[in-house]
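Peer 1: Listed below, chain by chain, are the residues.
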Amino acid sequence: MKESIPDTLKLSAADKEEQYVHQVYNKIASHFSDTRFKPWPVIERYLRGLPSGSIGTDIGCGNGKYLGVRTGDVFIIGTDRSESLVDICSQRQFECMVSDGLDLPYRADAFDFSISIAVIHHFSSSERRAKAVSEILRVVRSGGTVLIFAWALEQNGRRKFDLSNQDVLVPWVVPGFRTHKGETLDNNDQKQVAVDKVFHRYYHLFREGELPALLQQVGGCEIIESGYDKDNWYVIARKF
Amino acid sequence: MRLITHNMLKCHVKNCTDPDKQFPLRFKDVQLEQIEADRNDEFLVRMLPRIDWAALLKTAKELNIELPDKVPESPADDGEFLSTLHTVILETHVKDGSMVCDGCGHEYKITNGIPNMLLAEHEI
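Top to bottom, those sequences are chains U and G.
Per my numbering: the first sequence = residues 27 to 266.
Per my numbering: the second sequence = residues 842 to 965.
Just so you know, the hints here were simulated from the structure itself, not pulled from any lab data.
Incorrect hints may have been included.
Unchecked claim - For lysine to any residue, the following SDA-like pairs were computed, each having C-alpha atoms within a straight-line distance of at most 25 Å:
hint	chain 1	residue 1	chain 2	residue 2
1	U	K157	G	T858
2	G	K936	U	D99
3	G	K862	U	P201
4	U	K53	G	G954
5	U	K265	G	E907
6	U	K265	G	D893
7	U	K42	G	L959
8	G	K862	U	A39
9	U	K53	G	N957
10	G	K855	U	A39
11	G	K936	U	E109
12	G	K911	U	D135
13	U	K157	G	P860
14	G	K855	U	E109
15	G	K936	U	D113
16	G	K950	U	D126
17	G	K936	U	S56
18	U	K186	U	P201
19	G	K950	U	R118
20	G	K862	G	E907
21	U	K157	G	E962
22	U	K256	U	S168
Produce the complete structure using the sequences and hints provided.
Peer 2: What follows is the structure in structure tokens.
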């Protein structure tokens with residue numbers, strides 16, 4: 027398995043996210059989507075516990091894994107920064123749009139809930155992560171709840187990280203990657219053999235306690251549950 | 842995109858701050874499509890407080906869709922109202938066109954049913 031590497035890129039936060047998050051997801055969307063189908067237990071429990079008639083938003087919805095959990099009695103609008111992932115949601119008949127998590131296109135207090143699963147770790151400065159959280163809270167009504175997951179630094183599963191470095195580039199390997207024209211990316215590859223292609227995504231890995239502290243720093247909410255699940259730290263908070 | 846979703850959208854361009862013009866966004870050159878969906882009256886009654894009725898009414902008028910001026914006092918007992926509401930907000934899809942902000946003029950495109958709400962750098 028390919029190792030993660032420390033982020034030593036000399037780029038602005040916005041350029042780093044453009045090159046090492048947005049462009050990568052657009053390229054790996056189809057393979058990424060094929061690996062994302064099983065809802066995580068904490069998230070499924072949260073969604074199943076929502077009252078019928080709730081409406082909410084999934085910010086950074088990826089391939090729409092959670093948009094269909096409560097079809098019919100809870101309405102969820104997905105948004106993602108990646109056009110390719112939103113296209114996949116749309117083909118699956120989910121309600122979705124392209125937008126930026128730092129600047130959501132919704133009116134304030136519009137929704138009963140919002141979820142943002144494994145998304146805010148892709149923002150590359152503490153100010154931008156705080157802005158993302160404040161946007162997630164802004165669009166929820168008073169008394170509504172939010173559920174946020176972010177990758178943990180202290181993972182004990184198939185990925186292991188150097189505990190001294192929270193900002194890393196994590197490889198995504200697409201086996202036998204081919205371009206859309208059916209050719210390998212390697213132009214001088216005469217045999218047309220598909221080659222593995224490695225893409226790096228930027229992550230800020232959250233330390234234990236960092237995610238609840240971020241919500242407290244942003245304010246306007248109380249944390250009602252927090253924990254560790256599926257290599258992520260998570261919080262559920264209620265907006266005041 | 843369904844009309845329920847449009848009811849949540851607001852212009853978010855920097856320096857575009859007139860609340861009467863940012864919301865609702867005005868549809869321009871849109872193609873609509875009706876797609877049947879199962880009706881769930883409990884869902885409709887319970888989500889109704891989240892709908893901005895004045896905005897929905899304004900949008901419906903622009904699209905020549907009939908909608909009562911006011912929400913009935915007891916919507917749960919008004920099958921005709923719920924049927925109309927269901928058709929308008931959940932079965933009416935915008936396939937193509939755009940949404941325009943009357944405050945700053947920004948035009949948000951809708952392609953194959955997908956709104957693109959990204960802004961240019963100077964608008965953030």
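Peer 1: Looking back at the numbered hints, which does the structure fail to meet, lowest number first?
Peer 2: Hints 3, 5, 8, 22 are the ones this structure does not satisfy, whereas the remaining hints hold.
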